[in-house]
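Produce the entire structure from the sequences given, and follow the hints as far as they go.
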Amino acid sequence: MVTTTTTENSGLIHYLIDAFESHHDFEVSVIATGSGRALRHLANGDVDIALTHAPSLESELLASGQAINHQAVMYNDFIVVGPARDPARAGINNGIVGVFRALAASEHLFISRADESGTHLRESALWAMAGQKPQGRWYRQSGQGMGKTLQIADELDAYVLVDRGTWLAYSKKLRLRLIYQGGDHLFNRYSVLSANPALHPDTNQLGARSFTTWLTSSPAKQLMRNFAIDGHQLFTPLL
Amino acid sequence: MSELGQASAEAVELLLSGDAVLWSIISVSFSVSLRAIAIATPIALFAAFTLAYTSFPGRRMLVTATNTLMAVPAVVIGLSVYLLLSRGGPFGDLRLLFTQSAMIIGQILLCLPLLIAMAHAAFQSGDQRAWETALTLGATRWRAMRTVMYEIRFGLLAAVIAAFGRIIAEVGCSMMVGGNILYHTRNIPTAIALETSKGAFSQGIALGMVLLGFALLLNVALGYAQGSGEIDR
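Chains A and B, in that order, give the protein sequences.
The first sequence begins at 1 in our numbering and counts up one residue at a time.
The second sequence begins at 1 in our numbering and counts up one residue at a time.
Misleading hints may appear alongside valid ones.
[Stated by the list, open to error] Derived DSS-like pairs: lysine-lysine, alpha-carbon spacing no greater than 27 Å straight-line: (1) K198(B) <-> K133(A); (2) K133(A) <-> K148(A); (3) K198(B) <-> K148(A); (4) K173(A) <-> K148(A); (5) K148(A) <-> K172(A).
Derived by calculation from the structure, the hints in this document are not laboratory data.
Quick look at the structure:
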């Protein structure tokens, strides 16, 4: 199975897999990369199943027949975090477009995932929505996972777009603070898709189907609701 | 196998086309390592000279310590520098972590033991009479030191080349304290590590070729420097 660094860094995926493995005769090996790469692995048949949060890329794969059995599983949101004193005055804006315009205008340090992950794809979409092309010394590209990118942003006192799950898992260790949240454009949906057996007959279709079905079952949904840090639920199951 | 061939062909293309990202990675590598060796060399030369030409209590222990420090793995140096420079650490307020300065500090610590040890060996193998002769001819101690260094210049050059070879190719320290940020702290070894983990091999191969080519150059230079240390007949 391939999943995104956001679900891995938050700890959810191992929590879910432990439960799945204790009730089923399957063993799940997980690799975590950004959604873009994850879906490429799925299309290549390197993995049996993918859990990603890049809806546009997922649709593309389904349309081209490179993946099957798409199932939306859970959601949370993206948030903008940054230095507590908010030097770019981003948080006071009404709407994420205003936030990103303020960030571009202030040229305060911003760290991007820059790795075709679901988070990076959303960040690029938001810059485009705000009519900005971020470049220059203030816009830094880590090219690495969410946990590492947060760490870099924390050390450099920079702004960064992060998913709620990873944020809650890391926030206590960081000096960064929540700057902006809310709105449709920050909705973050996670789905599973399976490899197409017609293209890759040696993938574990039974395992993939089992896991997909289990993820949408009541016990799995309850586990997702229970997965919390400091009383904050990280992911909400889709009904 | 054809995938490897294709990636290699793309790598050559990347190098020849002057790809901006590729050349930024190469320039970060050289900029950081050259600065590190430039700062470390005078310190090491002075320390090695002191160890070779003066005696003081604990001198032998210091020599042993220097030789032992050479064996410290790059990741351990990286971890130590990281802990010192992070916001929670004693030097956190300097805000050096994930900058080129942090990489330079790490690389200085990496190459210093090697530089001192090799320079010390060069001083010891040099003709001690040069020092005494210079002094009796009226040279100041600084001038005499420079004379001695000129005598063993090829040994010193070998030390610098070996040390530079170590730091330009290391990944353990640079990765930890630099953060691998594109255009700022992503150098050749950290970029290779990253690109390989992404499965994008052509950039990794291109950078590997650059590093290999440079390592070859260094070794040719090292061979020349050490070869020239022959006893004149």
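Which numbered hints does this structure break? none
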